[in-house]
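Take the sequences, apply the hints, and build the full model.
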Amino acid sequence: MADLGTMAVLLGLGVALYAAVGSVAGKLTGATELVVSARRAAYVTVPVALAAAAALVTAFVTHDFTIRYVYAHSNLVMDREFIWVAFYAGNEGSLLYVAGVLAIMSAIAIRLGAGRLADTMPYTTAILMGILAFFFLVIAVWANPFAPLEFVADDGLGINPLLTHPGMWIHPPLLMAGLAAISVPFAYAAGALIAGRTRDEWVDAARVSGIIAWGILGTGVLIGAWWAYTILGWGGYWGWDPIENVALMPWLAMTAFIHSIMVQKRRGMFRMWNIVLLNVAFVLAQFGMFINRGGPVVSVHSFAASTLGQVFLGFMLLSLVFAFGVFFWRYQWLKSDRPVESFMSREVAFLVNNFLLLGITFVTLWGVVFPLITEFASDGTVTVATPYFNRVNGPLFLALLVLMGIGPVMAWRRASPRSLVRWLLWPAALAALAAAGMAIAGIREPLAIFAFSVLVFVALVILEEWFRSARARASAGDNWAIAWFKVVAGNRPRHGGYIVHLSILVLAFGVIGTQFFDQRADFVLPPGGSAVIDDYRLEYVGSEIEERSDRTARWANINVYRDEERIGALRPWYAFYPDFRQASVRAGIRSTPVEDLYVVPSEFLEDGRLVVRVSINPLAWWLWIAGPIFLVGTIVAVWPQPVLEVRPAPASAIRSPVVRSPAESTPRANPVRG
Amino acid sequence: MGIVIGVLLAVGAVAVIAWPFFRRRSDVAKDDIAGGPGARPQGSQAELQRSRAEIFRLIRQLEADHGSGLVNEGDFRSQFDDLRREAARLMMEEAALSPMSDPAAELEREIAAARAGLTGRPVETGRKDA
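So the protein sequences, as listed, match chains C and E. 378 is the number that our numbering gives to position 378 of the first sequence; each next residue is one higher, with no gaps. Here our numbering = 1-based position in the second sequence + 1000.
Everything labelled a hint here was simulated from the structure, so no lab data went into it. All C-beta atoms in this analysis are idealised placements derived from N, C-alpha and C, irrespective of residue type, glycine included. The reader is advised that the hints may include incorrect statements.
[What the hints assert, rightly or not] Capping the alpha-carbon separation at 20 Å, the derived lysine to any residue pairs in SDA-like fashion look like this:
1. 265/C - 353/C
2. 265/C - 313/C
3. 335/C - 488/C
4. 265/C - 1082/E
5. 265/C - 367/C
6. 265/C - 644/C
7. 265/C - 1079/E
8. 265/C - 448/C
9. 335/C - 1086/E
10. 265/C - 64/C
11. 265/C - 1081/E
12. 265/C - 1015/E
13. 335/C - 240/C
14. 335/C - 493/C
15. 265/C - 375/C
16. 335/C - 201/C
17. 265/C - 340/C
18. 265/C - 502/C
19. 335/C - 408/C
20. 335/C - 142/C
21. 265/C - 1083/E
22. 265/C - 197/C
23. 265/C - 150/C
24. 265/C - 1086/E
25. 265/C - 1025/E
26. 265/C - 1016/E
27. 265/C - 1001/E
28. 265/C - 519/C
29. 265/C - 393/C
30. 335/C - 351/C
31. 265/C - 1116/E
32. 265/C - 642/C
33. 335/C - 198/C
[As the list claims (entries may be wrong)] Just a few of them, taken from the derived set where beta-carbon distance is under 8 Å, the chain C residues facing chain E:
34. 4
35. 36
36. 414
Now the structure itself:
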């Protein structure tokens, strides 16, 4: 299988290069055969990449330890369900996975754009295939997963213990796919600019592919937080770790883009800005690849540290020069159709939203690169820790939440202050009431009270808009549920966006609860001993042990009491992997919408006592509920709108004064009903 | 075995990629244009129609915003006129490429059709002078 894998990788490199060069050469020389041939070559990269992937999977399944990568990331006792995880447990497999995903996404993007964006697709194809060729090149030259092992081995080293978690099935693939997928909207936009299509031809394709990339990346980040919560054993879910940050940053830039692109679509404005946002997102995605694959920073997620840093740094710089080179080349043709008419408008709300998102992005970027710069410039090592990120980004996130409430009720072009007051008065009043209620209920954290009341405010604004819109339709005879569905269906991008906003509120609810009100304590318990935290009592009953060739695993049996009533049992798990000199834990979690009781064993002492860390994480349950809501909103936002068919224009339109004066032509107020 | 599959893969890839060079040029050109769903030549009437359909969709959304109170009467009138003008401009551009009849009535009919598109039944346009 190693032969097939190596041949497929080399073939993939050749075919992707041909597709990149052929499509541009065909376009420039007018050789249609070459353009079509290059496009077919782009499609061919899919089966080629899949063949390479199949060869590697087969090698894992058959325990082919003649392959170095299989030897390094699996062994005979490894659970079979983790073969898929072992596939991308190291750089070589990860890069093959990225190449496969990029090949599939590129083929779909090229297929969907081939007709409507025929003029620009040769350049888009060249960009996508150029990126894919780079990945195949790295795999072929520096990170070959099919390279032979230099000695004979009966068994492999096994998989990194931290990766043996169900979250690993989907978290890394989604993150890598999300980062790779940002190439697609970027390629649509850059291809259009190179072809001289500097208006809005690329907008729909880039918006849809951008939302898909953003949704994949966002889901990957959320699942990563869940993985960290259950396996890393510190009771948290987000530590502003460099690897987490490099996934978050392109996601934030894409969040800015998918908001801002609506202004271009609707008003023909922000053309330059949208290109800049896409460029930033794309370069940050390459930065993410550099940090992930190059291993220049220390991280709890550094499973694939290697010496590929310079290669990926070079590619990131090349991406930067290319992206902004194309932008400056076409800069003068990217003017907006019209200026901003009022600072009180949805356009400006989107712009402020973008500045806040980019602000968070660059604060985070600085936190990631500052230690690298310091290390480069001096001998010392500097660590940028969580307080920096929380203190600087916290207020920015809060401002973003406030804007999330105000922005949607601002009209395009200009919003009247009276209308804004009418929309925002009740939500603001009820949010103030909620704040007062929280203070009366004994919550003593002013910032948390303010943050919670902002969530109430934003949720009420969204519900108010749905209520008013559904009422306008319900007055025509539909029941409220159908009316609401029709409201959402009538403008899916906007209402899908509101559902995503709700998911962000739910997420923020969990973040505020866990950040402001968590409790934590460490205990040393003998068998039969108890520990008390808040109104919980934990009784350590005893432990069980399991010896396997690669690990020694222990379970702690813990009874949980509340007000002396037994409410459940927890079985947190701790295992030590001698080959890796590494411990892995599974927290015991009793999760309710109010709070999580989180128990993680730190150590089993020889005298039978258990060292255990216990946390109470209020509202943590809501963090994970946000994920499905986020997915639903994303799917609604990206779901295609029904095509409106129009008849061909009549010839007399050239001669007839179709547009009368406004007074003559404007209809009386007539809301769409149905 | 792996080498045999690899060779077959390579031969298949070359065959698929080289195929356009062995076809008639006219067939290849057709394949190029019809290479994807929604395939239409750019700058054509079809593209103008698509832009006009997008304007009608915006009109429908504007009317929904007006119905919910998000857009007040004055802004609604002003934005509706802008959209209508843009649709008319597109229609005139398109008409320059192809012949037909009364453009004002056609425009109103299409706006009404766009509104009805949501429910499948026609809705009164509200225009007195159409």
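Hint by hint, here is what the structure shows:
{"no.": "1", "hint": "265/C - 353/C", "in the structure": "17 Å, holds"}
{"no.": "2", "hint": "265/C - 313/C", "in the structure": "34 Å, violated"}
{"no.": "3", "hint": "335/C - 488/C", "in the structure": "32 Å, violated"}
{"no.": "4", "hint": "265/C - 1082/E", "in the structure": "15 Å, holds"}
{"no.": "5", "hint": "265/C - 367/C", "in the structure": "34 Å, violated"}
{"no.": "6", "hint": "265/C - 644/C", "in the structure": "17 Å, holds"}
{"no.": "7", "hint": "265/C - 1079/E", "in the structure": "15 Å, holds"}
{"no.": "8", "hint": "265/C - 448/C", "in the structure": "37 Å, violated"}
{"no.": "9", "hint": "335/C - 1086/E", "in the structure": "18 Å, holds"}
{"no.": "10", "hint": "265/C - 64/C", "in the structure": "53 Å, violated"}
{"no.": "11", "hint": "265/C - 1081/E", "in the structure": "18 Å, holds"}
{"no.": "12", "hint": "265/C - 1015/E", "in the structure": "41 Å, violated"}
{"no.": "13", "hint": "335/C - 240/C", "in the structure": "38 Å, violated"}
{"no.": "14", "hint": "335/C - 493/C", "in the structure": "25 Å, violated"}
{"no.": "15", "hint": "265/C - 375/C", "in the structure": "44 Å, violated"}
{"no.": "16", "hint": "335/C - 201/C", "in the structure": "15 Å, holds"}
{"no.": "17", "hint": "265/C - 340/C", "in the structure": "15 Å, holds"}
{"no.": "18", "hint": "265/C - 502/C", "in the structure": "24 Å, violated"}
{"no.": "19", "hint": "335/C - 408/C", "in the structure": "25 Å, violated"}
{"no.": "20", "hint": "335/C - 142/C", "in the structure": "43 Å, violated"}
{"no.": "21", "hint": "265/C - 1083/E", "in the structure": "13 Å, holds"}
{"no.": "22", "hint": "265/C - 197/C", "in the structure": "15 Å, holds"}
{"no.": "23", "hint": "265/C - 150/C", "in the structure": "57 Å, violated"}
{"no.": "24", "hint": "265/C - 1086/E", "in the structure": "14 Å, holds"}
{"no.": "25", "hint": "265/C - 1025/E", "in the structure": "37 Å, violated"}
{"no.": "26", "hint": "265/C - 1016/E", "in the structure": "38 Å, violated"}
{"no.": "27", "hint": "265/C - 1001/E", "in the structure": "53 Å, violated"}
{"no.": "28", "hint": "265/C - 519/C", "in the structure": "48 Å, violated"}
{"no.": "29", "hint": "265/C - 393/C", "in the structure": "30 Å, violated"}
{"no.": "30", "hint": "335/C - 351/C", "in the structure": "16 Å, holds"}
{"no.": "31", "hint": "265/C - 1116/E", "in the structure": "23 Å, violated"}
{"no.": "32", "hint": "265/C - 642/C", "in the structure": "17 Å, holds"}
{"no.": "33", "hint": "335/C - 198/C", "in the structure": "9 Å, holds"}
{"no.": "34", "hint": "4", "in the structure": "4 Å, holds"}
{"no.": "35", "hint": "36", "in the structure": "4 Å, holds"}
{"no.": "36", "hint": "414", "in the structure": "7 Å, holds"}
Going down the numbered hints, you'll see the structure goes against 2, 3, 5, 8, 10, 12, 13, 14, 15, 18, 19, 20, 23, 25, 26, 27, 28, 29 and 31, while the others check out.
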